[in-house]
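Protein chains in written order, with the numbering used here: chain S, 0 to 622; chain B, 0 to 622; chain F, 5 to 346; chain Z, 5 to 346.
Hints were generated in silico from the structure; no laboratory data involved.
Don't take each hint at face value.
[Stated by the list, open to error] Selected chain F positions facing chain S (Cβ under 10 Å, derived; list incomplete): (1) V54; (2) V55; (3) G82; (4) P85; (5) G90; (6) H97; (7) V241; (8) E294; (9) Q295; (10) V296; (11) T336.
[Said to hold, decoys possible] Derived pair list, reagent style BS3-like, types lysine-lysine, alpha-carbon separation capped at 30 Å: (12) B:K592 <-> S:K592; (13) Z:K229 <-> Z:K155; (14) S:K493 <-> B:K622.
Positions of the beta carbon are idealized from the N, C-alpha and C atoms, including for glycine.
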Amino acid sequence: MTVVDLQQAPATQLHSGQRIVNDFSFVVATTNGTGSQTSNNTLLRALFKMGVPATGKNLFPSNIYGLPTWFYIRVNKDNYRAHRNKAEVLVTYNFDTFAEDVAALPPGGVCIYPMDAPTGKKKWNVVTPSRDDLYYYRIPVDELTAQLNPAQALKEYVANMVYVGALAYLFNIDMAQIEGALSYHFGGKAKPIEMNFGLVKLAYDWAKNNLQKIDPYWCESMPDATFNKDMMMIEGNAAAALGAVFGGVEFVAWYPITPSSSVAENLQEYLASYRHDAEGRATYAIVQAEDELAAIGMIVGAGWAGARSMTATSGPGISLMAEFTGLAYFAEVPAVIWDIQRMGPSTGLPTRTSQGDVLFTHFLGHGDTRQVVLLPANMEECFQFGWEAFDFAERLQTPVFVLSDLELGMNLHISSKFKYPDRPMDRGKVLTAEDLQKAGGQWARYRDVDGDGITYRTLPGTDHPNAAYFTRGTGHNENAGYSEKVEDWHNNLKRLAHKMNTAREILPQPVVQKSKGAKIAIVSYGSNDYAIKEALDYLKARRDISVDYLRILALPLSPKVGEFINGYDRVYVVENNEEGQMAQIMRIDFPEKAPDLRSIARCNGMPLDAEWIMAQLLEMEGK
Amino acid sequence: MTVVDLQQAPATQLHSGQRIVNDFSFVVATTNGTGSQTSNNTLLRALFKMGVPATGKNLFPSNIYGLPTWFYIRVNKDNYRAHRNKAEVLVTYNFDTFAEDVAALPPGGVCIYPMDAPTGKKKWNVVTPSRDDLYYYRIPVDELTAQLNPAQALKEYVANMVYVGALAYLFNIDMAQIEGALSYHFGGKAKPIEMNFGLVKLAYDWAKNNLQKIDPYWCESMPDATFNKDMMMIEGNAAAALGAVFGGVEFVAWYPITPSSSVAENLQEYLASYRHDAEGRATYAIVQAEDELAAIGMIVGAGWAGARSMTATSGPGISLMAEFTGLAYFAEVPAVIWDIQRMGPSTGLPTRTSQGDVLFTHFLGHGDTRQVVLLPANMEECFQFGWEAFDFAERLQTPVFVLSDLELGMNLHISSKFKYPDRPMDRGKVLTAEDLQKAGGQWARYRDVDGDGITYRTLPGTDHPNAAYFTRGTGHNENAGYSEKVEDWHNNLKRLAHKMNTAREILPQPVVQKSKGAKIAIVSYGSNDYAIKEALDYLKARRDISVDYLRILALPLSPKVGEFINGYDRVYVVENNEEGQMAQIMRIDFPEKAPDLRSIARCNGMPLDAEWIMAQLLEMEGK
Amino acid sequence: MGRTKTNELGLLAADYNGRPSTLCPGCGHNSISNQIQQAAFEYSLNQNMVVKMSGIGCSSKTPAYFMGRSHAFNTIHGRMPSVTTGVVLANHHLKAIGVSGDGDTGNIGFGQFKHLVRRNVPMVYIIENNGVYGLTKGQFSATADFGQKTKYAGKNELPAIDLCAEALLADCSFVARSFSGDAKQIRSLLRAAFSHRGTAVIDIISPCVTFNDADDSTKSYHWGKEHREILNELGFVQGQDDIAVDYEEGKSQDVQLHDGSWVRLKKLDDAHDPTDRASAFRVLEQARKEQVIITGLIYIDQERSTVVENARLTDTPLANLTEEQIRPSKATLDKALAELFS
Amino acid sequence: MGRTKTNELGLLAADYNGRPSTLCPGCGHNSISNQIQQAAFEYSLNQNMVVKMSGIGCSSKTPAYFMGRSHAFNTIHGRMPSVTTGVVLANHHLKAIGVSGDGDTGNIGFGQFKHLVRRNVPMVYIIENNGVYGLTKGQFSATADFGQKTKYAGKNELPAIDLCAEALLADCSFVARSFSGDAKQIRSLLRAAFSHRGTAVIDIISPCVTFNDADDSTKSYHWGKEHREILNELGFVQGQDDIAVDYEEGKSQDVQLHDGSWVRLKKLDDAHDPTDRASAFRVLEQARKEQVIITGLIYIDQERSTVVENARLTDTPLANLTEEQIRPSKATLDKALAELFS
Ligand SMILES: Cc1ncc(C[n+]2csc(CCOP(=O)(O)OP(=O)(O)O)c2C)c(N)n1
Ligand SMILES: Cc1ncc(C[n+]2csc(CCOP(=O)(O)OP(=O)(O)O)c2C)c(N)n1
Ligand code: SF4
Ligand code: SF4
Ligand SMILES: [Mg+2]
Ligand SMILES: [Mg+2]
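Kindly generate the complete structure, drawing on both the sequences and the hints.
Right under this line is the structure:
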């Protein structure tokens, strides 16, 4: 074993001497509830400000305190921002996972760990790492923390600043940027900034004086790079909330569930800041419902009454919303439902990401229900769908599901600045009292006047004696009257199908990336985007294989998807679930091409990564 | 117009004089809540006892009293038992639908209606039917009823016996069999039999004396035919309940919903009759739950504890059960759920039939949940799946859905005598205290010992210190311990998928009907069976087209389905829903053959009929 | 009242009609529909500003049978409370009239009912209580009597839920009970409820003539007539005026409603004070023991704030806000983005 | 009590342990887990015959942390009641211990809770009540105090639900409240609950040290210590023997439980009689007004029949019946078919 501090120099020089700059990953292993998130985000932000593309990924347990947590930071000078399933540099405060964390390092990796007792448990003294192909650094976490003499309650929390300082020294992370990041985190409040940064400095200095940099990994500011220029950092759930605020959301009902709660919590904050009238009264209402059945019921009610309404939930909530979204589909009531996907089936893994609800959500509701689904891939789209979803819901008079996931929703990502909505709101086909007046009071709620399957509605409170209609989940004729007649049912369902076809055209169209001469293509959606683009680059660069790429943004599928896939010998549908759900939907919609669709799917809680995608594709291509 | 009674002879002879015997349909138009069901079933039973294949179809509204109801009786000497969407002979007591009912008759059809006021409303005097291509008979319903002087409360009810008598005379239905049917209906009780049959006789005699038979339709006893030999009549929901009783059902929880309530109500009766111990105490429990969430929760609990448990519901209930059945799938708990399908989406049409829940139920639950589904096509299979479902659920340790429909469930059908279960119960892999003893207490709840994906469980109450395990809907390892580990999740989901593949082999295999040289085939399931067989006969007889036929009995699909469809140029998937749901599932499972699958689907509340199926197929074949 | 009399809005009583009922003749629910439209006429309710809300059941169908000029939402079984909460917050100028059944409210919808009441969602919540599931043909609901037998459903082994007591325990601000045979009382309760600040729960015993009208059922016409005790008689004075005090001490009580209207309660049960929660519990518990149906205004509280008030909403209903009011400016977006780390 | 002491089953206290808790250090739920296993040890509960049932939440995780030799079912959020109903009917020899949270029971599971209690499903139903959703990080639950503020969730605008009063109104046959800091009381209540005939609801105030432990919260350690009023002290006498009468009149009360055991109640609140429902409502209402936590046995009724009794089950648990017992003979099928029309 090789423990490196002033007492002990490395037994062997493990690397060629070549520096590896801005192209590796850190992983910080701690336990949750100890405040390490602040340290991790501080590192991430500092790197971001250095101009280095940096991607954070928080892997946390489904409890509140004391279980293993890992935070990955990938730095990549080429701006690959997908999570990698590997890290070269390990910092660990977690004694319990020490062995497995060390085992996971690649040869030549780095392991940094305490030499005393950061969590008050004197365990680290007895550690003897087993691998001799790693670089080790030990840091006196407890001793350094003690020097600042923090309040007992804060001790565990601030101790995490020690590794920030040590990493800053060892990997050349800009201390000024660290201070800036801390200042941001603490909202400019002097005291905590001072305390925390004080400890970072202390650790930095200790490292400088006591550690000898022997590993090859380095960070470097990239002052000339433009990657991070005009960029910002945000979590997907905050982006979604902000988008909704600028989409004019008026009513929110929700029930807490990981990983969706922060959508509602961000909404609460943003709405409180930005959405009041001149007297300071709210132009929105937000209700924490008693469960998901009530949350969806409330937004269906509000949507029916004419307010832009939304909820946010995750898998179990989606299951509970089935009956209500079926009603909203059939009675044609707008509503927006964000599903921040986590691992299922059932309660599954609440703190692990997946794309496992695509198929179920698209078909949500018994009978022949078909739902509209949007699939954001990044922060920009979380924001954009945040506002656009209301336009689609009101235009189409139907529930709109936005399927984000934990990966997008609960990690801090680099994003460009969000664009202000580029068009006025689309409130859909609503007849006012004046409209009714003009029409001599003649109208029918479910008559397809315009031939697009979308009919006109009135809102309760419309001041005209003919405004009212009777909304129901039972069979109805054009006038919204109850009907068991074969033709009424038939016409209504045909019109709904036609409306869904209209939706295929109205909804966001797929994004296509083409290269010359590609014979095969990838189709994917959502948070896989970064990993796929990276994989495509590797395929080209390393194996000279050209692969085209279409990213789906919405369900029901655009005809463009069909046109695209027809152009290739084989199409690989890449997704983060067990069954290859999008591949299944594509087989349904494009049966002629079904034989050429191949599913590349995995669902183990981790986001897909470029190496894995590439390997799968090569294997299936027999290469 | 041509009104035919002794006062008025037919203006024209509308038919060639050829008698049409045992090959036409009656439709009786009444309003619900008036007791016409007794009359209708009496006619049906009498015909059945005459040896005439007779099929009843009740078309009733979703309310309790006073809305239009139609009862179809098809008599067909060739034993075609599918509903026809047409009737040649109309009996109507319903003034409100008179015009449309008359309009629906084919030329040369028969219309029988009151000449006075069977419902106390003196409307019929003013009726002047508009078509002169029909035969009309008028009957003095009120007058005849008055002669029996029934109690006021019974008047409306017994008035329906008048048309029984009139039809018996006009169409030659055996009066002795009518008396027998009434005797069965009233459980042999002399007074009501006498009263009702008295009226039938009165009407019969009146008709004999006053009506002149001029139409060509006749019923005739078929003493030599064997169709109805050793047969009986039963509703699908009663068959299901009886099957469950002989499947050893131990626990039932349910919530009322049309058209499933009679499953539970029949269970209640049969269990009370046949399932007590020597002291008269129950070997079952049945709970009317507060809603479907509770009903499914209760049976999941009971199934986990080792009791054979079931519920019955319909569409909205299925939606509400999504979260729980996802749990049961993932935690591997046996349970049986009957879905008596009605029209959806949403509340839809509660009293109309469909096959609209196939896809949703198969995928019921967020995440990658996949459910086992059985698809009975007739009374015999309702009974058989009634008991077998428990074997499958316990063998596979998973929820088993049985998708019947209103057509099967709530109509009286001719059936062969049910066969007693031909094999002992399969209680699945349950370790007893002795088993554990032998194994030295070593076992793991989710370890695949036998390689079939199915693992061993213990029941609570097992008297061994190692018997216990912790059941959860969260990620777990082989020992049922909570785990967020990538491999544990992966292994578990792979095993579940493997278990589902085992299910493909274990579950009832498709039924195949082949003819020589067929190039095309039909695939279907459930209650469409009779109509399809009839359509195949017509195709052969009228157009000399051979079509093979596979009927699916279960999901996930058997590999045999894939083998079958590979043998044909085109395969038509015939079903009673809007989207062609089984076709969609087949496209998912058999992508290679997807281009050759064609969907023939309709969902308008009526069962599919042979003429329609044939017409669709011919059109799609370009013939 | 003549057929041609008009109300303050110049409307005839017939203008408050709905479509013909398709319920069984004699169903208690039909009388309630009649009283709702009659009370609305008398109160001069503006139908354009009314929403009729319901779940699923015979009772929940009834909004089709009254006030045809009002928007209606016949939702799903047991979930009318949540939908109404959304509607009322989306447009708090609307007057919501909810109609539910005992099964809809006491069984599948019990949780939603309690939570709606707890939120004090401004609405009139009518339960047409017949102790059975009418529409699915007569199974017992949670309000069926303990030990009761019906031809259809056999014997009920469970204690009855008292929906008034349940509402009260959930801090309901207006709790009343009536009997579908008492047209006048229903109308006076409804008028008061229309003026009430929060959730007004009116549990109306409404016999199901088809499945639960045997004389020994507490939900039958017979029982309602024989075992009814009227707590108080309500006089309703619409408008903001003060009313003159002219009652015999202890025999009458005036309560001012939120919109300024008054209710004058003529007490028939001397001891009961409907502004006292404990007293309300007491009369309910007593009625339970004696198996009588107490009717009248059981409890009223004009103080408790409503879900709308707690939301501190702008005056204009949310649903009517303009794009300018709900989409903040580009400058605001820039400000929000500036606060992010960048 | 020594570490080596064994109970009637010859088991050590440690034999009732579960896995190590993963809750926050100091969480009230951990003390309750300890008391459950301790009480089970003292009572000599046969772990093979126990099922531990729960929903979802920090509280609902705890069955993993006690009595590792018992089967457990950690179900879904708010639905433990229905699952337990099924389990108990499937095997009525089992003793079910349910653990739930205030969110699990009072919010999403409110309907199921009330209906379970109404059915009187034999089980011990423990609510670990902290006024917040611990596991989802501190949002208010339905039992949060009106007007309460927390750092995380802001101000609560809604009145608190009192789960004991709710249970009582649903005809609960055993209603108790305790405080996670009072180990002894919890154990004595649990032992009595183990011997109770029907549903025993024990609402235990159990502070969430991470999200709701500020001194002004009624769910905090501080409040529990300062504002607790103990109604009565329970002595539990296991077994069928009669117990000698040796109490000061009016100061003590003996209640025989269904299995023959006795509870001796030493009354600290003189006026309260826990066999009187009205008295139970009164003490709860008073506590509510005075914002104190009353603890002890609030109500007990050994008469009400249970769902198991109402089902008139055969002795052998349904789950253990043999094929012969549950599959009627061929002759029976023939008889059934003969009764059909044929
Ligand atoms: C989710 C769901 N479950 C069951 C049903 C079937 N159903 C319709 S009405 C009803 C009961 C209605 O009873 P109640 O609310 O008392 O109304 P009533 O008919 O007695 O007026 C039920 C169970 C349904 N429509 N939806
Ligand atoms: C259907 C569903 N909705 C939401 C959640 C998320 N969730 C997990 S625990 C919990 C609240 C638990 O609160 P409580 O019952 O009070 O337990 P505590 O954690 O406070 O002990 C919620 C909302 C879930 N698991 N399932
Ligand atoms: S069944 Fe009962 S509740 Fe329904 S309409 Fe008829 S009488 Fe009324
Ligand atoms: S969050 Fe609260 S309830 Fe959950 S374990 Fe921590 S202290 Fe206990
Ligand atoms: Mg009812
Ligand atoms: Mg809690």
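Evaluated hints:
no. : hint              : result
1   : V54               : holds, 8 Å
2   : V55               : holds, 5 Å
3   : G82               : holds, 9 Å
4   : P85               : holds, 8 Å
5   : G90               : holds, 3 Å
6   : H97               : holds, 6 Å
7   : V241              : violated, 27 Å
8   : E294              : violated, 34 Å
9   : Q295              : violated, 33 Å
10  : V296              : violated, 33 Å
11  : T336              : holds, 5 Å
12  : B:K592 <-> S:K592 : holds, 10 Å
13  : Z:K229 <-> Z:K155 : holds, 22 Å
14  : S:K493 <-> B:K622 : holds, 25 Å
Hints 7, 8, 9, 10, counting from the list given before, are not met by this structure.
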